[in-house]
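Taken in sequence, the protein lines are chains L and W.
Counting with the working numbering, you get residues 2 to 111 for the letters of the first sequence.
Counting with the working numbering, you get residues 85 to 203 for the letters of the second sequence.
Hints may contain errors.
Per label pair, the in silico range of CB-to-CB distance [as the list claims (entries may be wrong)]:
hint : chain 1 : residue 1 : chain 2 : residue 2 : range
1    : W       : S101      : L       : L111      : 45 to 51 Å
2    : L       : P8        : W       : E94       : 30 to 36 Å
3    : L       : S62       : W       : Q87       : 35 to 41 Å
4    : W       : S147      : L       : S10       : 21 to 27 Å
5    : W       : S168      : L       : L111      : 31 to 37 Å
6    : L       : Q82       : W       : A93       : 28 to 34 Å
7    : L       : S79       : W       : K97       : 48 to 54 Å
8    : L       : S96       : W       : G92       : 34 to 40 Å
These are computed hints drawn from the structure, not numbers from a lab.
If you're wondering where the values come from, they're calculated on a predicted model, not measured in any experiment.
The beta carbon of each residue, even a glycine, is placed where N, CA and C say it ideally should be.
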Amino acid sequence: QSALTQPASVSGSPGQSITISCTGSSSDVGVYNYVAWYQHHPDKAPKLMIYDVSKRPSGVSNRFSGSKSGNTASLSISGLQAEDEADYYCSSYTSSGTYVFGTGTKVTVL
Amino acid sequence: EVQLVQSGAEVKKTGESLKISCKGSGYKFTSYWISWVRQMPGKGLEWMGTIDPSDSYTKYSPSFQGHVTISVDKSITTAYLQWSSLKASDTAIYYCARPYSGSYDLEYWGQGILVTVSS
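Throw the hints in and build the complete structure from the sequences for me.
Structure (structure tokens):
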């Protein structure tokens with residue numbers, strides 16, 4: 002199974018909105034609503050930001066939102082803040098009964 | 085409070101065996117699968133495999149099948165990841181994680197274990 006495809010980097014100024022894409026296939030993102038997004042700061046454990054495509058766990062800011070269209074999922078961050086600077090990974094359940102992560106996107110707050 | 089507490093950092097030689105652990109607490113251990121995730125230096129997250137603690141059924145990523153073994157001892161609410169013969173390329177941080185209730189997505193994570201393998 003191949004990793005889901007994400008842009009290597011995305012940047013934005015404080016207060017702006019950014020969107021990160023995550024492209025999979027008809028064997029994962031395209032057929033399951035088990036798409037998640039994780040925020041990963043160096044030397045910390047990944048943090049679940051979005052699950053089941055668009056649901057937010059308790060405690061996650063509503064500045065984070067998720068969506069999906071066909072084989073591509075997206076994470077949007079509005080009102081960008083310095084603390085949002087991190088690596089972001091998407092993930093999906095697959096038709097093989099496994100789980101696959103995206104290639105990762107480094108978000109930089111300018 | 086749900087917690088996954090992993091064992092400490094390891095420094096090993098190539099060819100040695102290793103078993104690292106992940107102890108769950110604060111929830112019904114047998115109700116949630118435990119997954120293992122690798123992050124090699126400077127690289128992204130990779131899903132390695134998962135285990136159902138209730139019956140020890142496992143599912144591996146094709147990339148890791150045959151290279152590692154995932155097991156569990158439900159009597160002490162602990163999951164394990166083990167290697168029989170380490171390679172330098174096994175140097176990485178390894179995380180265990182538990183899914184969100186009713187989903188496959190990983191909500192709770194251990195703190196990570198740095199495994200360093202040298203010749």
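* Asked: Honestly, do S168 of chain W and L111 of chain L meet the 31 to 37 Å range at C-beta?
  -> At 48 Å between Cβs, range violated.
* To do: Take a look at whether the Cβ-Cβ distance between S147 of chain W and S10 of chain L falls inside 21 to 27 Å.
  => holds (25 Å)
* **Distance restraint evaluation - S62 of chain L, Q87 of chain W, Cβ atoms, bounds 35 to 41 Å** => With Cβ atoms ~23 Å apart, the hint is violated.
* Are Q82 of chain L and A93 of chain W spaced within 28 to 34 Å by their CB atoms? -> Distance hint for Q82 of chain L, A93 of chain W holds at roughly 32 Å.
* Asked: For the pair S101 of chain W and L111 of chain L, does the Cβ-Cβ distance stay inside 45 to 51 Å?
  -> Since S101 of chain W and L111 of chain L have Cβ atoms about 47 Å apart, the given range 45 to 51 Å holds.
* To do: Starting from the hint 48 to 54 Å, judge whether the C-beta atoms of S79 of chain L and K97 of chain W obey it.
  => Given a distance of about 49 Å, which is inside 48 to 54 Å, the answer is holds.
* So does S96 of chain L sit 34 to 40 Å from G92 of chain W, Cβ to Cβ? -> holds (37 Å)
* Taking the CB of P8 of chain L and the CB of E94 of chain W, does the distance hold inside 30 to 36 Å? -> Since the Cβ atoms of P8 of chain L and E94 of chain W sit about 34 Å apart, the hinted range of 30 to 36 Å holds.
The structure is inconsistent with the numbered hints 3, 5, although it conforms to all the rest.
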